[in-house]
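Asks: We have chain W; now place chain Z with the ligands onto it with these hints.
Read off the chains here:
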Amino acid sequence: MSLHIQVKHDRDILIVRLRGELDHHASEQVRRSIEDELAQGGFSHLVLNLADLEFMDSSGLGVILGRYKKVTQLGGKMMLCAIRPSVHRLMEMSGLFKILPTHEDERSAIKACGVAS
Amino acid sequence: MKEVGKNFMELRFASKSENEAFARIAVASFVSQLDPTVEELTDIKTVVSEAVTNAVIHGYEEKGDGTIYVRSEIEGKRISITISDQGVGIADVNMARQPLYTSKPDLERSGMGFTIMENFMDEVLIHSKPGHGTTVHMVKHLKSRHQTMAN
Ligand SMILES: Nc1ncnc2c1ncn2[C@@H]1O[C@H](COP(=O)(O)OP(=O)(O)O)[C@@H](O)[C@H]1O
Ligand SMILES: [Mg+2]
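Just so you know, the sequences run in chain order W and Z. With the first letter of the first sequence counted as 1, position 100 gets the number 100 in my numbering; the numbers rise by one all the way through. With the first letter of the second sequence counted as 1, position 40 gets the number 40 in my numbering; the numbers rise by one all the way through.
Isolated chain W, as found in the complex (with noise of 0.2 Å):
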């Protein structure tokens, strides 16, 4: 079982969609393929489409809270979209809502990054 990446562009918004399990081992692909399209520059915000995400343990909140810190720290949003009942156990349990806005799908997500905050 692995993680599958794919990456989409829309204005200065970065879309990231995660299919299959995100755990220690698959959370430095993340990191590094996140890491590589946003020092390309051009964009702002970030979204993670979690629809696809079938597991996840906390080094996934790990690599999660950490594009977090970047992304607001260069004044840009994050947020998620579209995770699945067992994610939301987990990132609940954590507190990974108190910080993280998480929208039903992709297009509400986008919409919400273009709204001045």
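It cannot be assumed that every hint is accurate.
Unchecked claim - Heads up, simulated DSSO-like pairs for lysine-lysine below, C-alpha to C-alpha not over 27 Å straight-line:
1) K111(W) x K8(W)
2) K69(W) x K104(Z)
3) K104(Z) x K70(W)
4) K129(Z) x K104(Z)
5) K69(W) x K8(W)
6) K98(W) x K104(Z)
To be clear, the hints were calculated from the coordinates, so they are not data collected in a lab. Small disclaimer: the values here were computed from a predicted structure and weren't measured.
Replies: Here is chain Z with the ligands on its own, set in the frame of chain W:
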């Protein structure tokens, strides 16, 4: 909910991050003979992933040449899982258990591993000795489906 007799399985594997998925899937498929709910199975996969990852990252400091040992026992509705390493050990177990505590913040650790194990399992015991290694022992009692539906 099936009632099964006493059964066990054991695994020994190299402390490589590739084996994190192998370990959680192996334990999940062993305990599935108890017919757990999807949620219970996710709990099991998650805690195995947490403990094995800790052995890889902290116990053996990502050197990849250590051995991780996993044993799971099932009886009735009870699942017990033991995960051991012979790595660096933990000097202060009480501090290590605290939510958000991590000794490796530079590696983007969340410090939530032990908190997750304690939340998803009914019992979590940690034995550790610096320089000798760490053993995490966890127990979960599955709920009877009929009971859950009646509630
Ligand atoms: N098997 C182990 N061997 C040595 N140290 C460990 C082990 N498991 C956990 N620890 C220590 O306990 C701390 C907390 O673990 P955990 O809650 O899983 O958080 P994290 O893995 O994100 O650091 C770790 O940072 C580490 O210092
Ligand atoms: Mg951990």
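Asks: Mind listing which of the numbered hints don't hold for this structure, in increasing order?
Replies: Violated: none.
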